[in-house]
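There are 2 protein chains.
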Amino acid sequence: MSDRVPVKLKLRGSLWLFSSLNNLNSIFCVFLHLLIVLGDIILTIQKNNMIIPTYNDVLIAHKRIKPYIHQTPVLTSRFLNDLTGAELFFKCENLQRAGAFKARGASNAVFSLTEKEAFSGVATHSSGNHALSLSYAAGQRGIPVTVVMPYTSPQAKKDAVRGYGGTIIECEPSASSRESVFADVLANSGADFVHPYNDPRVIAGQATCSKELLSQVTGLDAIIAPIGGGGMISGTCLTTSNINPKIKVYAAAPLNADDTARSFRAGYIISDDAPETIADGLKMPLRDLTWHFVSNHVENVFTATEDEITNAMKLIWSRMKILIEPSSAVPLATILKNPDVFRGMRLGVIITGGNVDLNKLPWLKNSE
Amino acid sequence: MSDRVPVKLKLRGSLWLFSSLNNLNSIFCVFLHLLIVLGDIILTIQKNNMIIPTYNDVLIAHKRIKPYIHQTPVLTSRFLNDLTGAELFFKCENLQRAGAFKARGASNAVFSLTEKEAFSGVATHSSGNHALSLSYAAGQRGIPVTVVMPYTSPQAKKDAVRGYGGTIIECEPSASSRESVFADVLANSGADFVHPYNDPRVIAGQATCSKELLSQVTGLDAIIAPIGGGGMISGTCLTTSNINPKIKVYAAAPLNADDTARSFRAGYIISDDAPETIADGLKMPLRDLTWHFVSNHVENVFTATEDEITNAMKLIWSRMKILIEPSSAVPLATILKNPDVFRGMRLGVIITGGNVDLNKLPWLKNSE
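Protein chains in written order, with the working numbering: chain A, 144 to 511; chain B, 144 to 511.
Wrong hints could be hidden among the right ones.
If chains are identical, the list can't say which one is meant, so a pair holds when it fits in one copy or spans any two.
With a straight-line cut-off of 25 Å between C-alpha atoms, the simulated SDA-like cross-links for lysine to any residue are [said to hold, decoys possible]:
#1 503 <-> 315
#2 301 <-> 221
#3 503 <-> 285
#4 300 <-> 462
#5 503 <-> 454
#6 206 <-> 221
#7 457 <-> 254
#8 480 <-> 442
#9 206 <-> 254
#10 206 <-> 217
#11 301 <-> 219
#12 457 <-> 423
No lab work stands behind these hints, which were simulated from the structure alone.
So that you can see chain A by itself, here it is in the shape it has in the complex (with noise of 0.2 Å):
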């Protein structure tokens, strides 16, 4: 069962379209207005057809992903009690199949397809863990999955997409370049696209993931995740409100990417072209599914510096012995940045994933 929004039909040119008819030759020409009318009314019903997963879509996700995602665990640490005063419970989706939590929207997308349309396979266009993700998930349905990245993706991503039995097709480091050559792929493959984010059915996915924090954890206040194209905020929003509407839902984002941050103050989705942030997988911005969610149901958006972050992941790193990538150490970075805000709460961490570069470790300024 899903919601649909109210349909906005936008009536480009009707004005011009009465005042024009004058004459009979003008017939063919209102013939002819008639119909590019109709399809963009039909193209603005698409647009704005957006499904909106509810939390039975969630509860189907979650039977239906089970065999291939983890339960990850839940960790605490005394020491980040005591420094933020606040009592954090990290959901480590770093230990997740594939290294994060898009596992679990990948899988929910590759497992809800038909047989039919499974045949075609999927893809996506993405350098970072959707790629690797939704590879994993096609590999487990042996289905076949296409990626579009950058030539100039580093090759240990390259390489582990392949090692999941994803097939990769190059484009230059490029928007255009990424579209043209990913409208070819869905093209002469007919494969079924999985956005990273806007799409209800990763949506539903992400969303397993506060599920099982909220019945491994009870009486959390808040839950607080990092935010870029908003796909693990908006899965929180939809457990969280659905389960128990009292719990907070937090978003940090990177100073450098702040998009999220600026959009939800004025109201509207504002989207940078290419921010710069080591916080990788924070660099997309909100699109209309998940503007729904942020925009209805996010408490607040908090920031962090570069450096703010790194100390944060170190901190992570060094004292819950779990590698976490950089996105992930957002929430916590906010935290400590917000002391008032967070003290006395009992406070969901996401923390969303573990796949970093060792050779590149941004404390270490000389390393390699």
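Please build the complex by placing chain B on the supplied structure of chain A, with the hints as guidance.
Coordinates of chain B only, in the frame set by chain A:
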């Protein structure tokens, strides 16, 4: 309940004693000599009066220390299973309190003291995980703890001991200085000496790790753990020999500190003087109590080179997303080196600790 090994008496100089009974003046001499013999007997009894912990001690220890330790998780990795052809179950003591399994033995020693004994506190000489763990355990009980360590020890380790409330007495970086300074500490404080491994309370505590593992994973064929002084291996032997003697125990040592492996083959304790290895937790030699377990229960001792240890460490970091110290990587290094021994086994692998200097990683030559 504790077993006691048979006492061996050495009647030093007895032949000389009887040959000297040729005049009455010798009566005093005889009396004096009898005193010497008696003293020798008492010393020999004390030396050999080795208290070997039993499984009942382990059960008592586990109940005693439960409030002060984590039941650490067991993690698996499909990648490492495929690589080794074995089913590996990693018992993650790097996620233990104070970052290592040593919190178990130290807590058991500290909390088994009577109120009167505890009043004078505990002491040890160590610059490693035992110092941290004993400080942690003493802090939990609220009793004094003194650690003798070389003034050359890393500042981070000193800070960590002090962070847990320990007092550091510095000595020269030599065994003779350490021993004389430590003797003074014991004499002045009356503290209870908690040896890092040659102590039945410590071994019973370490045994709770494999006891937990066997309750978390069924049907194990074997367990492998790093070996230095032998505390963890002894505890593992104690557990398996009582719960299921069919479970084999393998030990893994650095080739650069392979005195245990040579002892195992020779049939008596060989102890090297200050071996050099990145696996800095495994430099200590076996002692009588740990030799008892190693010589009676261990199936084999395998070794790995420094490079093999580094590679295994990096493999676990990158694939399992957990921080482990070099010592903890030695078992995987030896599994990879001896595939025919382990292929097809359900194998418990003890990850002993995760205390590592993040500014000096062995695969980064120019770090910092």
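Each hint tested on the structure:
Only within a single protomer do residue 503 and residue 315 lie at most 25 Å apart by alpha-carbon distance; the minimum there is 24 Å, versus 37 Å between protomers. Taking the shortest Cα distances, residue 301 and residue 221 sit within 25 Å of each other only across copies (19 Å), while inside one copy they are farther apart (38 Å). In this assembly of identical chains, the alpha carbons of residue 503 and residue 285 never lie at most 25 Å apart, being 34 Å within a copy and 42 Å across copies at closest. For the identical chains of this complex, residue 300 and residue 462 are inter-copy neighbours only, at 13 Å across copies versus 27 Å inside a copy, given an alpha-carbon limit of 25 Å.
When the C-alpha separation of residue 503 and residue 454 is checked against a cutoff of 25 Å, the pair qualifies both within a copy, at 15 Å, and between copies, at 17 Å. In this assembly of identical chains, residue 206 and residue 221 lie within 25 Å of each other by CA distance solely across copies; the values are 22 Å between and 34 Å within a copy. In this homomeric assembly, residue 457 and residue 254 never come within 25 Å of each other (Cα to Cα): the closest approach is 37 Å inside a single copy and 33 Å across copies. For the homomeric pair residue 480 and residue 442, the shortest alpha-carbon distance inside one copy (17 Å) is at most 25 Å, but the shortest distance between copies (53 Å) is not.
Only within a single protomer do residue 206 and residue 254 lie at most 25 Å apart by alpha-carbon distance; the minimum there is 11 Å, versus 45 Å between protomers. For a Cα distance limit of 25 Å, the shortest separation of residue 206 from residue 217 qualifies both inside one copy, at 20 Å, and across copies, at 24 Å. In the homo-oligomer, the alpha carbons of residue 301 and residue 219 lie at most 25 Å apart only across protomers (24 Å), although the nearest pairing inside one protomer, at 34 Å, exceeds that limit. Proximity of residue 457 to residue 423 under the C-alpha cut-off of 25 Å is found in both arrangements, the shortest distances being 17 Å within a copy and 22 Å between copies.
In this structure, the earlier hints numbered 3, 7 are contradicted, and the remaining ones agree with it.
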